[in-house]
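As they're listed, the protein sequences go chains U and X. Going by full-length UniProt numbering, the first residue of the first sequence is number 1, and it counts up by one from there. Going by full-length UniProt numbering, the first residue of the second sequence is number 1, and it counts up by one from there.
Since the hints were derived computationally from the structure, they do not count as laboratory data. Please read these numbers as outputs of a predicted model, since none were measured by experiment. Worth double-checking, as some hints may not be accurate.
Claimed, not checked - Cβ-Cβ distance ranges computed for the label pairs, FRET-style:
| # | chain 1 | residue 1 | chain 2 | residue 2 | range |
| --- | --- | --- | --- | --- | --- |
| 1 | X | E17 | U | D118 | 46 to 52 angstroms |
| 2 | U | D113 | X | R185 | 19 to 25 angstroms |
| 3 | U | G151 | X | P215 | 25 to 31 angstroms |
Stated by the list, open to error - Derived list of chain U stretches under chain X, where covered just means 3 residues or more per stretch with a C-beta under 8 angstroms from a C-beta of chain X:
| # | stretch |
| --- | --- |
| 4 | 38-47 |
| 5 | 133-139 |
Said to hold, decoys possible - In silico contact screen, one side only, chain X against chain U (beta carbon under 8 angstroms); selected entries:
| # | residue |
| --- | --- |
| 6 | R11 |
| 7 | V41 |
| 8 | D53 |
| 9 | T55 |
| 10 | A94 |
| 11 | T98 |
| 12 | G100 |
| 13 | S101 |
| 14 | Q103 |
| 15 | A173 |
| 16 | A174 |
Each residue gets a CB set at the ideal place from its N, CA and C atoms; glycine is no exception.
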Amino acid sequence: MRVTLHVDGAELAAEIDRPGESLLSTLRDRLGLTGSKNACEQGECGSCTVLLDGAPVCACLVATAQCEGREVKTVVGAVPRPVRDAFVQCGAVQCGFCTPGLLVSVADLLERDPDPGDAAIREALAGNLCRCTGYEKIIDAVHTAAATLAGERP
Amino acid sequence: MSVATRADFHRPAAVGEAVRLLAEHPEAVPVAGGTDLMVAVNYRHARPEAMLDLTGLAELRDWTDEGDAVRIGSGVPYARITAELATVLPALAAAARTVGSPQIRNRGTLGGNLATASPAGDGHPPLLATGATVEIASTSGTRTVPIGEFYLGPKRSALGPGELITAVTVPKAAGPQQFLKVGTRNAMVIAVCSFALALDPDARRLGTGIGSAGPVPLTAPDAEALDLPWSSPGRFDDALAAEFGRRVAAAARPIDDVRGTADYRRHALAVCAARALRRVWTTAHDRSPR
Ligand SMILES: Cc1cc2nc3c(=O)[nH]c(=O)nc-3n(C[C@H](O)[C@H](O)[C@H](O)COP(=O)(O)OP(=O)(O)OC[C@H]3O[C@@H](n4cnc5c(N)ncnc54)[C@H](O)[C@@H]3O)c2cc1C
Ligand code: FES
Ligand code: FES
Numbered sequence: 001m002r003v004t005l006h007v008d009g010a011e012l013a014a015e016i017d018r019p020g021e022s023l024l025s026t027l028r029d030r031l032g033l034t035g036s037k038n039a040c041e042q043g044e045c046g047s048c049t050v051l052l053d054g055a056p057v058c059a060c061l062v063a064t065a066q067c068e069g070r071e072v073k074t075v076v077g078a079v080p081r082p083v084r085d086a087f088v089q090c091g092a093v094q095c096g097f098c099t100p101g102l103l104v105s106v107a108d109l110l111e112r113d114p115d116p117g118d119a120a121i122r123e124a125l126a127g128n129l130c131r132c133t134g135y136e137k138i139i140d141a142v143h144t145a146a147a148t149l150a151g152e153r154p
Numbered sequence: 001m002s003v004a005t006r007a008d009f010h011r012p013a014a015v016g017e018a019v020r021l022l023a024e025h026p027e028a029v030p031v032a033g034g035t036d037l038m039v040a041v042n043y044r045h046a047r048p049e050a051m052l053d054l055t056g057l058a059e060l061r062d063w064t065d066e067g068d069a070v071r072i073g074s075g076v077p078y079a080r081i082t083a084e085l086a087t088v089l090p091a092l093a094a095a096a097r098t099v100g101s102p103q104i105r106n107r108g109t110l111g112g113n114l115a116t117a118s119p120a121g122d123g124h125p126p127l128l129a130t131g132a133t134v135e136i137a138s139t140s141g142t143r144t145v146p147i148g149e150f151y152l153g154p155k156r157s158a159l160g161p162g163e164l165i166t167a168v169t170v171p172k173a174a175g176p177q178q179f180l181k182v183g184t185r186n187a188m189v190i191a192v193c194s195f196a197l198a199l200d201p202d203a204r205r206l207g208t209g210i211g212s213a214g215p216v217p218l219t220a221p222d223a224e225a226l227d228l229p230w231s232s233p234g235r236f237d238d239a240l241a242a243e244f245g246r247r248v249a250a251a252a253r254p255i256d257d258v259r260g261t262a263d264y265r266r267h268a269l270a271v272c273a274a275r276a277l278r279r280v281w282t283t284a285h286d287r288s289p290r
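Bound-form chain U, shown alone (with noise of 0.2 angstroms):
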């Protein structure tokens, strides 16, 4: 069956042969864009974190048919360049593994609370994990993009 969506701004079909492909084999494996990276498949690890619809969710656990006519946003579009530029300067990449997955999720939080505190950012980052960093420099990373971005806000 097909499934058209929009993801990172275009408009894509996408067959598919079964009906619980998820919306991250599609991504990977049909469309090619590889942003979303596949380490569990199972909601655990949040490396295939993207925005469905504006709200983070973990891919892997999405059935492509659910999303016809939905608004997908990847690493690609969904993050503003301030929070990818932190995560370099701060040593918050290692791997880069868990990267991606993490700057959905981090782009969403700054979105909602624009200053959080490192409560807010532990528990909006629950569940994304990186096995190379420690987390440390990742809570730099959210503060240091919490800073730019609002010296950019007029």
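We have chain U already, so just place chain X with the ligands on it with the hints.
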């Protein structure tokens, strides 16, 4: 009209259409947030030939104020229960806030939690403690099942073939409530055990719900019947709280598993229940000293 194609995926737009499709296509597996089902699909534990999407049913995706209760559509995600219902349904909102992660709470629903009927599901203890009712629809109409009659066994419930959960009606809090969950971290844990408590000071009633400590979510009737000093609340003491904890632990029927031993679960439940009772009692009587 919904179209079924070779990869059968039904997208009904109304509940009536959904139950009709389910009757015509008994092989179609309903999917709401997908946070239970898609894990099984991804790991090939389930290979549905057909699926029936519930996320397009606007009727399931809202809650309504019914005066002394809130009727929550089965498709309302946890994130909204936490954000919108914390004042009127504090135990359920607290439980919703502990589910998985933000990503899981944006998708996962109470309907899916009930249909999965895992003894560890976090929605169950608050629903038991508050005496909720489950609304179930099929082509033969709608029926309501009191929550105490819903759970039949591990992952078995009163939900029959061809039926969909449409809503859960939860009485509004008549006093303070608590939900406590034991696990290895604050996020992303299946409960080792959990406990919900609802206090109704005017009716002089306690409601309890125990999770992850038996083949089904349980209540603790003996603990609810504990003789408390309702007329002179100042006489409440730690001994009473401890006795309440013992009675809750005695109502549990836990097993040893990877998450914890039966002994640990009973111990933790006694501690949680005593703590919950102290908290609700203090809150109720600090606010309105009699
Ligand atoms: C990483 C992760 C962490 C989790 N953490 C927790 C946790 O902390 N606590 C907890 O309780 N659960 C947790 N879960 C489990 C899951 O999120 C919940 O059980 C959730 O409530 C399921 O809802 P859903 O809408 O996603 O269900 P789905 O996966 O869409 O459906 C689950 C089952 O219910 C059926 N179903 C769904 N809706 C209906 C309906 N309205 N009528 C009839 N049948 C229906 C489906 O056919 C399917 O069999 C977690 C899951 C993951 C992946
Ligand atoms: S791949 Fe989706 S959460 Fe891990
Ligand atoms: S940088 Fe390697 S997992 Fe996070």
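Hint-by-hint comparison with the structure:
no. : hint                                : verdict
1   : E17/X - D118/U: 46 to 52 angstroms  : holds (48 angstroms)
2   : D113/U - R185/X: 19 to 25 angstroms : holds (22 angstroms)
3   : G151/U - P215/X: 25 to 31 angstroms : violated (57 angstroms)
4   : 38-47                               : holds (count 5)
5   : 133-139                             : violated (count 0)
6   : R11                                 : holds (7 angstroms)
7   : V41                                 : holds (4 angstroms)
8   : D53                                 : holds (5 angstroms)
9   : T55                                 : holds (6 angstroms)
10  : A94                                 : violated (14 angstroms)
11  : T98                                 : violated (10 angstroms)
12  : G100                                : holds (7 angstroms)
13  : S101                                : holds (2 angstroms)
14  : Q103                                : holds (5 angstroms)
15  : A173                                : violated (24 angstroms)
16  : A174                                : violated (29 angstroms)
When the structure is compared with the earlier hints, violations turn up for hints 3, 5, 10, 11, 15 and 16 and for no others.
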